[in-house]
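Listed here are the chains, written in short residue letters.
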Amino acid sequence: MSLPHLARLNTQVIRVNALTWVALLVLLALTCGSAFLRLGPWNVVINFGIAVIKAALVVLVFMKLTKGAMTIQIVAGLAVVTLAILALLSGTDFWFRY
Amino acid sequence: MSSDTAVAPGADAPSLVVGEQFDDAPQQQAAASLGMWLFLATEIMFFGALFMAYAIARVRFPDAFAAASRHTELVLGTANTAILLTSSAFMALAVEAARVNARKLTMVLLLVTAVLGAVFGGIKLTEYVIDYRDHLVPWLDFAFDPRHATGASIFFSLYFTMTGLHLVHLVVGIALVLAVAWGVGRQRRNVVGDHVEIVGLYWHFVDIVWIFLYPCLYLISRA
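Residue numbers (my numbering), protein chains in the order written: chain A, 1 to 98; chain B, 1001 to 1223.
For the record, the hints were derived by calculation from the structure and aren't laboratory data.
It should be emphasised that the depicted structure is a prediction, and the values quoted were computed from it without experimental measurement.
Even glycine gets a Cβ: it sits at the ideal position worked out from N, Cα and C.
Any given hint might turn out to be false.
[Said to hold, decoys possible] To be clear about the criterion: a stretch of chain B counts as covered by chain A if any three or more of its residues have a C-beta under 8 angstroms from a C-beta of chain A, and this derived list gives those stretches:
1. 1021 to 1034
2. 1038 to 1045
3. 1056 to 1070
4. 1080 to 1092
5. 1096 to 1102
6. 1208 to 1215
[Said to hold, decoys possible] Cβ-to-Cβ under 8 angstroms is the rule here; a few derived chain A residues that face chain B:
7. W21
8. L24
9. F36
10. A51
11. K54
12. A55
13. V58
14. F62
15. M63
16. L83
17. A87
18. F94
Isolated chain A, as found in the complex:
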């Protein structure tokens, strides 16, 4: 049984979403597999780097941030920048305190 009205969806959109989904699962396999390798501090770098890439794929493809209004992009950007500033300030305090 086929899904109703599936043909009404743009095939390009379906293809992009499917490829993104595959990419996300491949990245999941990579990050999981890398955890079993003794890479020292690089384990953290790889895990966090892959997480950032996966989040970027979701934000850019699924949430279509770049296709939204400029105000939305500013809000999203400001949220990340504000979080980075707060993390930097907290991290600096922690670094010199301990």
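Please build the complex by placing chain B on the supplied structure of chain A, with the hints as guidance.
Quick look at chain B alone, frame taken from chain A:
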């Protein structure tokens, strides 16, 4: 009823109703999206504080965090990550289906998304039961290697707090998805389109939070 609403012009969204405070349907949709993005910005701050607490605790107790992480259920956590990523893909398709006003397809895709979310929740609760049986719940009968007990206790406190709050967000997301699916099924005016899109944004955000939780909690040291 007074004429405080008007059917939006344009054949693409014959069921869309525009509030009187908006000039047209695109402006209304842009406002709805902006509102959800603003809410998500506050959510980033909310979860960001927890991730910061996690980072500081991990720097202070690196060995204990590595030891504690090895007690998490990697297979279940990885399966859950795949399930949530898949649900996001279905949600993205649901938004596209709503955009072309394919009501039945939108409803089916939303229901698949909700079911995948429910499966995620079920697996997460199963993990909690396993953790409880393994004496890994800090507020109950916590038992761990004495060399790492303090750090491991902090790790699992953060684990339950962060995954618990994520689970609450997921349950809210499932409720929202089902509500919108029900509205689409009932062919309620104004549901298809902007409602599906803003619920989709929320769902993807919940997915993103888990994308960062997964390596932080499950993958610290498996080698």
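Hints, one by one, checked against the model:
1. Three residues within the 8 angstroms Cβ limit are the bar, and the stretch 1021 to 1034 of chain B against chain A gives 3, so the coverage statement holds.
2. Here the stretch 1038 to 1045 of chain B counts 5 residues with a CB under 8 angstroms from a CB of chain A, which clears the bar of 3, and the coverage holds.
3. A count of 3 residues in the stretch 1056 to 1070 of chain B with a Cβ less than 8 angstroms from any Cβ of chain A is obtained; the coverage claim is therefore met, three being the minimum.
4. Only residues whose beta carbon comes within less than 8 angstroms of a beta carbon in chain A count, and the stretch 1080 to 1092 of chain B has 8; three or more means the coverage holds.
5. Counting residues of the stretch 1096 to 1102 of chain B whose beta carbon lies closer than 8 angstroms to any beta carbon of chain A gives 4, which meets the minimum of three for the stated coverage.
6. Coverage of the stretch 1208 to 1215 of chain B by chain A holds [criterion: at least 3 residues with CB-CB distance below 8 angstroms; count 5].
7. This hint holds: W21 (chain A) has a C-beta 4 angstroms from the nearest C-beta of chain B, less than the 8 angstroms allowed.
8. For L24 (chain A), the interface hint holds, since its Cβ comes within 8 angstroms of a Cβ in chain B; the closest pair sits about 5 angstroms apart.
9. For F36 (chain A), the interface hint holds, the least distance from its beta-carbon to any beta-carbon of chain B being 5 angstroms, beneath 8 angstroms.
10. The beta carbon of A51 (chain A) comes within 5 angstroms of a beta carbon in chain B, closer than 8 angstroms, and the hint placing it at the interface holds.
11. Checking K54 (chain A) against chain B by beta carbon gives a least distance of about 5 angstroms; that is within 8 angstroms, so the hint holds.
12. With its C-beta approaching chain B no nearer than about 5 angstroms, A55 (chain A) sits inside the 8 angstroms limit, and its interface hint holds.
13. Interface restraint check: V58 (chain A) against chain B, minimum CB-CB distance 5 angstroms, threshold 8 angstroms, status holds.
14. Taken as an interface hint, F62 (chain A) checks out: its beta carbon lies about 4 angstroms from the nearest beta carbon of chain B, inside 8 angstroms.
15. The closest approach between the C-beta of M63 (chain A) and any C-beta of chain B is roughly 5 angstroms, which is under the 8 angstroms cut-off, so the hint is satisfied.
16. Residue-level restraint check for L83 (chain A) holds (minimum Cβ-Cβ distance to chain B is 4 angstroms; threshold 8 angstroms).
17. The interface hint given for A87 (chain A) holds, since its Cβ lies 6 angstroms from the closest Cβ of chain B, which is under the 8 angstroms cut-off.
18. Residue-level restraint check for F94 (chain A) holds (minimum Cβ-Cβ distance to chain B is 5 angstroms; threshold 8 angstroms).
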